[in-house]
Amino acid sequence: MDKNIKYRNFKNLFFKGIVIVFTSVCTLPLLLVLYRIFKEGISAINWSFLVNLPKPVGETGGGIANALVGSAIIVLVASIIAIPFGVCIGVYLSEYRKSKFAYWVLLSVDVLQGIPSIVIGIIIYLWVVKTMGGFSAFSGSLALTLLMLPSIIKSTEETLKLIPDSLKEASLSLGVPYYRTILKVILPSGITGILSGTILSVSRVAGETAPLLFTAFGNPFMNTNLMKPISSMPAVIFNYAISPYEDWHKLAWGAAFILISVILILNIITKIAQRRWRVQF
Amino acid sequence: MASTILKAENFNAFFGKNQVLKNINMEIQNNNVVAVMGPSGCGKTTFVRCVNRMHELTPDATASGKIYFDGDDVYKMNLIVLRRKIGMVFQRPNPFPTMSIYQNVVAGYSLNGIKLDKIKRDEIVESALTKVSLWDEVKDSLHKKGTFLSGGQQQRLCIARAISMNPEILLLDEPTSALDPISTAKVEELIYELKKNYTILIVTHNMQQAARISDKTAFFYLGELLEYNDTKEIFTNPKHEKTQNYITGRFG
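Protein chains in written order, with my numbering: chain A, 1 to 281; chain B, 1 to 252.
Mixed in with the good hints, there may be bad ones.
Stated by the list, open to error - Computed spacing ranges between beta-carbons, pair by pair:
| id | chain 1 | residue 1 | chain 2 | residue 2 | range |
| --- | --- | --- | --- | --- | --- |
| 1 | B | Asn12 | A | Ile115 | 43 to 53 Å |
| 2 | B | Glu126 | A | Glu95 | 35 to 45 Å |
| 3 | B | Asn12 | A | Lys100 | 24 to 34 Å |
| 4 | B | Glu56 | A | Ile191 | 24 to 34 Å |
| 5 | A | Asp165 | B | Glu126 | 29 to 39 Å |
| 6 | B | Ser150 | A | Ile191 | 22 to 32 Å |
| 7 | A | Tyr179 | B | Ser177 | 26 to 36 Å |
| 8 | B | Gln208 | A | Lys11 | 52 to 62 Å |
| 9 | A | Asn9 | B | Gly41 | 18 to 28 Å |
Hints were generated in silico from the structure; no laboratory data involved.
Only a predicted model underlies this, so the values are computations on that prediction, with no experimental measurement involved.
Just so you know, even glycine gets a beta-carbon here, dropped at the ideal spot from N, CA and C.
Construct all of the structure, not just a fragment, from the sequences and the given hints.
See below:
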C-alpha cells in the first residue's frame, strides 16, 4: 500500500517534470530568436533608418521609410476590407448555425485557412494583377484580406456562440428590432473576442511575405498610390537578407526588429483591451 | 375595473411536429396576477412565450389560433409595438453585461433609439428602481456594471428594466427559480406591489408561491389547460383530479 502511494507520487512528479521540460524546450528557441533579433536589430536602428529611403549598394546608411509606409498602407487597406466582411460573416454563421448554407460557408472558411499564402498570392496575381495590368498595393491588400478573413470570421463566430441566447431574448423582449439587438447588444458583448481575433490576424499578415511577392511586388521608392507597386517590411527583409552585402544584412535585422516590435505591441494592446473590456455574463 | 386584457382562443403551439399547446382558451383580466402552473414540459413557458411572440424565435416553432391583447390579434400586431407593451422577465437574470445598472434600466429606450433628456432618464431610473425596491441598495453604484449585483438584485434589475418601458402586461417566466429564499421573498413582495399597475402572468413550479401571490391559477398538463380558476378555488376545491394530485404533490 505504502509503496503503491510512493509510486503514484513519483508518477505525478514525473508527469509534472515532462510538462515543464517540454514547455521549456519550446520556449527556449523562441527566446533565442527574439534575443538575436533584438541584439542585431537594435544597433541598426536610428532615426535616419526610420525616415530615409534605401540607398544603392556601396553607399552607407539608408532606411526603410518606404517599407514602413508600404506595410502600413497594405495592412490598413486589407483590414478595412476584411474586418467588416469577416464580422458580418461571423455574425451570419453564429446566427444561422443550423442552416445548410452556414455549414458550407464554415467548411470553406476552414479550407481557406489552410491554403498556403503563396497560393493566395498566385491566385490574386491571376485574378487581380493580370486583369488590372500591373502590380499594385491594392492587389497586395486583397491577398492579405483573404488571409485575414478566416481568423476574423472564426473568432467572431466562436465568440458570439458563447454569448447566451438569454441576452438576445432580453433585448428582443424589450421590443428592440433584430438588427439593433445584434449591433447594440450581441456585438458589444463579444467585442473583446472579436477584437483579439482581429488584432491577431493583423499581426499575422503584417509579417506575410509570400503573398506580396506577386502582388504588391516591392518598390525602392516611396509610394502611397494604391494602384502602384509598393514596398513592404517583409519584402524588404527578404531582399536584404538574400543579398551578398554585409550592411544590407544589417538593414534586414533592423527591419525584422521593427516588424517584431510592432507585432509585440499589437499583442500587448490586445491583452490590455481584453482585461479592460472583459464582459462577464 | 376588471376587463379582459388578454384572451387566448383555440390556441395551439408546435415545435416541429410536436404539439406543445393544445386548444388553449383563456381570458385574463387586467391587474390580476395569474399563476401558470404545471409539471415540467406541460407547455406553460411556451404559453407565456407565445403571448409576446418569443416562441417563434425558436427554429421550427409554429403556432395557430388566436391570442388577443386588448382586442388586437397579437399575430397581426407589429412585433416591436407588441413587445414594448408586454414586458418579460426570464428564468435566469440577464442584465446586459456591457451596461451599467443605470444603462440597464433605460436599455429599453436606448436600444430602441428613443432619445430622452438626462432629467427624464434619471427620473425613469429612480422610479423603476424604487418600484423594485432596489434603489436604496444601488443608488451609490448606479454606474457599476449590472452583472456585479447578486442574483436576486440582478433579477430585480431585470424587472426594473421591463417595467421602465411601462408595459401593460408583465410576463414572468419562473423569475425566482434561480434565486435564494430571501431574494424570492423580495421578488414576491414586488409582484404584489406591481399588481396595482400591471397585469402579471407568472410561470412557477412552486405551488406555495402560486398560492401566495396569484389571484387566478391556470393548471397546464401535457399541453392542455386543465383548469383555470380563482387561486383559492384551485387550491381548496380543485375540479380536476390531476390538479388535485399535482397540488397535493402526488406527481410532478
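Outcome of the hint check:
Distance hint check: the CB atoms of Asn12(B) and Ile115(A) are about 51 Å apart, consistent with the given range 43 to 53 Å. A beta carbon spacing of about 36 Å between Glu126(B) and Glu95(A) agrees with the range 35 to 45 Å that was offered as a hint. Taken as a hint, the range 24 to 34 Å holds for the pair Asn12(B) and Lys100(A), whose Cβ atoms sit roughly 29 Å apart. For Glu56(B) paired with Ile191(A), a C-beta distance near 29 Å keeps the hint of 24 to 34 Å intact.
Between Asp165(A) and Glu126(B) the beta carbon distance is about 31 Å. The supplied range of 29 to 39 Å therefore holds. The beta-carbon spacing between Ser150(B) and Ile191(A), approximately 26 Å, falls within the hinted interval of 22 to 32 Å. At roughly 32 Å, the beta carbons of Tyr179(A) and Ser177(B) sit within the given window of 26 to 36 Å. Range check, Gln208(B) to Lys11(A): about 54 Å between beta-carbon atoms, so the 52 to 62 Å window is met.
Evaluation of the 18 to 28 Å hint for Asn9(A) and Gly41(B) yields a failure: the beta carbon distance comes to about 50 Å.
In summary, the one numbered hint that this structure violates is 9.
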